[in-house]
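Just so you know, the protein sequences line up as chains A and B, in that order. For the first sequence, the working numbering assigns the number 602 to the initial residue and increments by one for each residue that follows. For the second sequence, the working numbering assigns the number 26 to the initial residue and increments by one for each residue that follows.
Source of the hints: derived by calculation from the structure; they are not laboratory data. One or more hints might be untrue.
Beta-carbon label-pair distances, calculated as ranges [stated by the list, open to error]: (1) P939(A) x G84(B): 55 to 63 Å; (2) M297(B) x G679(A): 39 to 47 Å; (3) K868(A) x L148(B): 41 to 49 Å; (4) L264(B) x W884(A): 35 to 43 Å; (5) K710(A) x R318(B): 50 to 58 Å.
Simulated crosslink set (EDC-like; lysine to aspartate or glutamate; CA at most 20 Å straight-line) [what the hints assert, rightly or not]: (6) K789(A) x E289(B); (7) K755(A) x D29(B); (8) K835(A) x E289(B); (9) K929(A) x D918(A); (10) K713(A) x E674(A).
Quick partial rundown of chain B residues pointing at chain A, CB under 7 Å, derived from the structure [as the list claims (entries may be wrong)]: (11) T38; (12) S139; (13) A141; (14) M239; (15) V241; (16) G243; (17) F281.
Bear in mind that the values here come from a model prediction, so they are computed numbers and not experimental data. The beta-carbon is built from N, C-alpha and C at its ideal position, and this holds for glycine as well.
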Amino acid sequence: MKESRLIKTVLFISVMAFIVAGFAFPVSAKGKLKVGFVYVSPIGDAGWTFQHDLGRIALEKNLGDNVATKYIENVPEGAEAERVIRDLAKSGHDLIFTTSFGYMNPTLKVAKLFPKKMFEHSTGYKRSKNVGTYMCRFYEGRYLTGIIAGKMTKSNTLGYVAAFPIPEVIRGINAFTLGAKSVNPDIKVKVIWINSWFDPGKEREASEALIDQGVDIVTHHTDSTAPTMTAEEKGVFAIAYHSDMSKYGANAHLTATTHVWDKYYTKVAKDVLSGTWKSEAVWGGIKEGMIKLAPISKKVPADVVALVKKTEKMISDGSFHPFHGPVKSQDGKVVVEPGKSLTDQDLLNMNYYVEGVLGNIPH
Amino acid sequence: MSADTILNILVATIAAGTPLVYAALGELVTEKSGVLNLGVEGMMLVGAISGFITMAKTGSLFLAVVCGMTAGALMSLVFAILTLYLMANQVASGLALTIFGIGLSAFMGIKYTSVALNGVPELHIPILSDIPILGRLVFSYDILIYLSLLILAGVAWFLYKTRAGTILRAIGESPKSGHALGFSVIGIRYLAVLFGGAMAGIGGVYVAVAYTPMWVEGMVAGRGWVAIALVVFATWRPLRVMVGAYLFGGVTIAQFHIQGLGIEIPSQFLSMLPYLATIAVLVIISRDKNTIRVNSPASLGITYHPENN
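Take these sequences, add in the hints, and give me the full structure.
Dropping the structure here:
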């Protein structure tokens, strides 16, 4: 009786030891780098998070057995995010990508607790020894799509469904307008703010309102496919954002400014594996392969496509900057002197519309 | 603002108001029988995802509507069993139903996140749809919008012109008297709650299949709550429910047009307007005791125990 109890105890302890050991040294024994991703929305079929997940899949493909990735989707920004990031760090993930602006403070907080782990936060501006930031110069893509819009419009009025009046979004509106005006000086851009990053209902209503008011090309700085779908339904053109949305608008979809994280995620993981990673502020664009245009519709004439390709190349090799002077603001004031280009600092603080955008920035 | 713009706003308004017409009519009938179901938002969401999945799988709008209504009715059946059979508190059960519906619809829709549908085409009636202005304003909507008006007329006729409608209202006023006259209070309330669920379901289907033909978690976005408010706003009168629903839809749409036209009003203020209007109307109506007394079902929200008679 006593003996069997002893055996049971020993058995129990050894089983527990195995379980604990399993948790403590999971895959690190095999030398794999565990990479964690935190997503703000479900992955879905298109959009911001979808692009990040494409990057994660590419990273797995490129580095094969050297990495194991894990993602947590639909994580609200705030207290919940901190718990998710901490769990990832605790469960042996040495590199963690947090992919939404609102994860900035939670990421820094957790990074402090795990000084040996490496964190990469997308779109933020706060860094520390083990937290780097990364984002992309989507305004370069916006400028190119503006060229297409400027050439394809018949009403000379373009529509822009915008999320929140912050420099990031305003920069995109201005780059798009400058691109369109570079080929068509009569361009006017109408902007509707919906005060949400992702709200298909509002995005649709705003797109409809724009189309009803004479806009014949709709673009958006929001997350859903609703603007493209509305354009398709109403028989006008659309230029999508984040992802190639052509399957949502076979006739409407001209192209899209897309974020491509494939190379970047692979590079960061490689740096971590080789021990050369350090905290940086990365802001990459066409040159770094972080911004690409989705395949351009057959409806766009060949000479326009050629012009876009040429401009794309010039942006890539640095011989052209979308905010190259002279640039006038909406009220006619010169904001970029002829021969000069805006600095990164100016770009990050942009709070005015350029000439050609209608209406005012809400305050 | 050109005549064309005004026409466009009006047409968009009708579509924006339609899910509210459905859901609020259902809630109106439920409340007229003396039951307060606060689960409209949850029932709409479950109806929306059920209709959406059916539409995605079969492509049949008819089946989508049937499934959405059935799903909404099943949700309301849960509520009915809780409050009418188990005598649970109606307010608490309704709130629980909403929270349950939000979760259940998200769970059912895991595989359908961001999937898009083709939408429901607008009808084109020869000759009629081609009349200038009038054709656009009256004869160019999708079939679900016309159905909502038919149901509206049906509900108004049922409540005020039929014997069954009178019985339903009588039970909402005084279940004791209804019981004394030999009517099955609980049975009639079951039917009224089920009708409310089915209507919320079809309202949800309209949002997910016709209005924004894609699935997004929580896409009903508070319309269920507005529908409940609309019933009070309309002082329990079907026609006023319609007016209120279109008014709400109109403000939602107008905020975007006003921006596009470059009128200087902060968009945040405009986003707030529909809700402000609802509160304002609620306050104004509640000040007038007579309208409330005449129109509101006297036994609304009070659990009825038949054995106490």
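Unsatisfied constraints (hint numbers, rising): 2, 3, 4, 8, 9, 10, 11, 16
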